[in-house]
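Visitor: The whole structure should be built from the sequences, with the hints applied where relevant.
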Amino acid sequence: MADNKEKLFAQFPPVSYDTWRAKVDADLKGVPFEKKLVWRTNEGFNVQPMYQRADIADLPTVNSLPGEYPYVRGTRNDNNWLTRQEILPTDPAKANAVALDVLGKGVNSLGFKVKEPSAEAVATMLKGIDLKTVEINFTTCPRKALDLARILVAYIKENDADDDFRGSITYNPFKRAFRHGADVDIAAITADAKELLEIVDGVPGLRCLSVCSDMFCNAGAYIYQELGYALAWGAGWLTMLTEAGVDAQKVACRIKFDMGISSNYFMELAKFRAARMMWAQIVEQYKPACKCACKMMVHATTSRFNQTIYDAHVNLLRSQTEAMSAALAGVDSITVTPFDTPYKTPDDFSERIARNQQLLLKEESHLDKVVDPAGGSYYVETLTVSLAKEAWKLFLEVEDKGGFAACVNSGEIQAAVNASSLKRHQDMARRKEILLGTNQFPNFNEMAAGKIENGDGCCHSQEGHASSSCGCATSGNSDKALRTERQASDFEALRLATEHAANRPKAFMLTIGNLAMRLARAQFSSNFFGCAGYEILDNIGFNTVQEGIDAAMEKGADIVVLCSSDDEYAQYAPEAFKLLDGRAEFVVAGAPACTDELKAQGIEHFIHVRSNVLETLQEFNKRLLKK
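Per our numbering, residue 2 is the first one in the sequence shown, and the count goes up by one each step.
Because the hints were derived from the structure by calculation, they are not lab data. Hints may be right or wrong, so weigh each one.
As the list claims (entries may be wrong) - Calculated lysine-lysine pairs in the PhoX-like style (CA-CA distance at most 25 Å, straight line):
1. Lys158 x Lys128
2. Lys176 x Lys116
3. Lys600 x Lys628
4. Lys627 x Lys452
5. Lys195 x Lys292
6. Lys394 x Lys507
Claimed, not checked - Each pair of labels, with its calculated beta carbon distance range:
7. Lys116 x Asp248: 30 to 40 Å
8. Gly203 x Gln53: 51 to 61 Å
9. Gly203 x Ala58: 40 to 50 Å
10. Leu397 x Gly31: 37 to 47 Å
11. Ser366 x Leu66: 17 to 27 Å
12. Lys452 x Asn613: 25 to 35 Å
13. Gln547 x Val32: 34 to 44 Å
14. Gln12 x Leu397: 45 to 55 Å
15. Gln524 x Lys95: 42 to 52 Å
Think of the CB as a built atom: it goes at the ideal place given N, C-alpha and C, for glycine as much as any other residue.
Guide: The structure is reproduced here in structure tokens:
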């Protein structure tokens, strides 16, 4: 019967890699293959333009099924991830009202924040919620985690949900170190964690040892860094507590990973697959009683690092692809960060849209119906292994230097992540990394200052930086803290400065000469100066330079951008510069061969694809903005 089945594409003969490569090399016309088509990732390895079966023939990742050790294909035989919503109100009654409302709208996992743990507060928050069917997660100050655990465990037992409860308490004693640069007391952490495990012992589904690597993601870390440091953090819990006499099985089954999701779609998909594989092998070295302890529990949250204030609805596109990559990777639960988070407390509309983003993936795209759909993909399987190798190197480096806690106290982890963040901000400035609507294709006429409600607006990515009543934020070393600026913050500062100034500079496109080149360069220049929020005065074209200069002066231009072809700049640029006579800033769009000759005549400003957009616009802001 099988022999009678139609074989698709049988009419096409197989093509060998050598044949394909020969055709590609011919089409490249002498341009090196590696330079043109091979991508060098930030993670330290190359990505080829094509993969084939031979590339994965010897990979160990393809030899297991979902639910089988080492769990690269998932820890379950289904993909029914939980849809979490973070409950923003901290007032218990208000939090409960919001929770009950969203539970009827597709949410099956709740995240509560508790400022002051009390039996009354917990009971009020959880009133009317079925503890046996809804995942419950709490976040509080690390200093209050033990009190919260005692209260929550008592409440669970009162409601006879000991065996069915699923949820977590975020115990992150490294939070203060990452936020404020404070040292951590390893002995105190170990003692508290050991006591915490004793408290929750009667509730097997309550995870309480947190690995919050989303902090690295939101600080601008590269993917291999988040993965490597997350593994080191988890191994740190195992080492500290097993050395303190706690059984490895008990420790591993209480660890929960809270990981971020960046916008690199396939790399993030590979990250979660690699994380499960490597974590299983790490836990196995501690010889737990059951291999089930090797299963990694992962909650994934879409990034805040790449969210923007301007053109904020593009955040929806970013978070949608991020959530999709995590869902396809088989994480346990997902939080989609509302699109308006950078500039205000999310409202009912943005929270509804965030929920629906996940519901669309389930109910319309049916991603929950397939387990590890990327399994066997030549590309994804190769990415998984390549990323795992780089993260493993980093993990071993941390272990060689005394482990996670020691590297936190030395500031080494923070310094490495901050260096990556700085590099990404620099790449943003040069458009090597693109955020649509911010450093490329901005909405020229959008005003955002009026919608910023959270006070720190463009400066930060985290959920708050005010000093805590518990004293966690009272001391530290800022040099050892993680950076919190979103990637768009520098460009947003530019535009906000323009909005707050007494004048809005006008950038006039003096288009002349070659039709194709002048239009292309006018578009480039409009996008360039639009990133600072300047008023853009575009034009189809002028017959003479004099006509263009006269029009610019009539419009009150602050900047005149000459847009033409390289061959024509030798003629047009000196003429325009002379006619303008210092009445406005003069800019040449491009990097023509005659640049040195033009500079010798006094022309200073040239913008092109190699320009540092941010620095150039900052200089123009200094020259043009009036207070």
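Visitor: Hint by hint, note whether the structure agrees.
Guide: Verification of the supplied hints:
1. Lys158 x Lys128: 15 Å, holds
2. Lys176 x Lys116: 15 Å, holds
3. Lys600 x Lys628: Distance of about 31 Å is beyond 25 Å: violated.
4. Lys627 x Lys452: 23 Å, holds
5. Lys195 x Lys292: Within the cut-off at roughly 22 Å; holds.
6. Lys394 x Lys507: 51 Å, violated
7. Lys116 x Asp248: 30 to 40 Å: Taking Cβ atoms as reference, Lys116 and Asp248 lie about 33 Å apart, which means the hint holds.
8. Gly203 x Gln53: 51 to 61 Å: 53 Å, holds
9. Gly203 x Ala58: 40 to 50 Å: Since Gly203 and Ala58 have Cβ atoms about 48 Å apart, the given range 40 to 50 Å holds.
10. Leu397 x Gly31: 37 to 47 Å: 42 Å, holds
11. Ser366 x Leu66: 17 to 27 Å: 23 Å, holds
12. Lys452 x Asn613: 25 to 35 Å: 29 Å, holds
13. Gln547 x Val32: 34 to 44 Å: 43 Å, holds
14. Gln12 x Leu397: 45 to 55 Å: 51 Å, holds
15. Gln524 x Lys95: 42 to 52 Å: Holds, at about 49 Å.
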